Amino acid sequence: MNSITATVVGGTLMTGAVGDILGSIAGVFIIYIINNMLNLLGVSSYYQFIFQGLILIFALITSSLKSQKK
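Counting in this note's numbering, the sequence shown runs from 1 upward without gaps.
Because the hints were derived from the structure by calculation, they are not lab data.
All values reported here derive from a predicted model rather than from experimental measurement.
Hints may contain errors.
Per label pair, the in silico range of CB-to-CB distance [to be verified]:
| no. | residue 1 | residue 2 | range |
| --- | --- | --- | --- |
| 1 | PHE58 | VAL18 | 18 to 24 Å |
| 2 | TYR32 | LYS69 | 16 to 22 Å |
| 3 | LEU38 | GLN68 | 29 to 35 Å |
| 4 | GLY42 | GLN68 | 35 to 41 Å |
| 5 | PHE49 | ALA26 | 20 to 26 Å |
| 6 | TYR46 | LEU13 | 17 to 23 Å |
| 7 | GLY16 | SER44 | 33 to 39 Å |
| 8 | SER44 | LYS66 | 28 to 34 Å |
From the three backbone atoms N, C-alpha and C, an ideal C-beta is built for every residue, glycine too.
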């Protein structure tokens, strides 16, 4: 789940498009920072996965809307 979310947040489309390495690295850092903040706040791992799923859904909706405009 972490790797899929990180690559989608980094800008790689789930439709088979090719992403760049810098976007994927940026996505990894963003997901790592969010997970670390949630751990420091004492959020349960159950809710961390829910939050990560919401981030993934938001990123997929955003990339879908972006590809439709082209």
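Structure-based check of each hint:
Checked against the given bound of 18 to 24 Å, the beta carbons of PHE58 and VAL18, roughly 22 Å apart, stay inside it. As the Cβ distance of TYR32 to LYS69 is approximately 30 Å, the hint placing it in 16 to 22 Å is violated. Our hint of 29 to 35 Å for LEU38 and GLN68 holds, since their Cβ atoms are close to 32 Å apart. Taking 35 to 41 Å as the suggested C-beta distance range, the pair GLY42 and GLN68 conforms, at roughly 40 Å.
Remark: the range hint 20 to 26 Å for PHE49 to ALA26 is upheld by a beta-carbon distance near 22 Å. Separated by about 29 Å at the C-beta atoms, TYR46 and LEU13 break the suggested range of 17 to 23 Å. With their beta carbons about 35 Å apart, GLY16 and SER44 fall inside the hinted range of 33 to 39 Å. Taken as a hint, the range 28 to 34 Å holds for the pair SER44 and LYS66, whose Cβ atoms sit roughly 33 Å apart.
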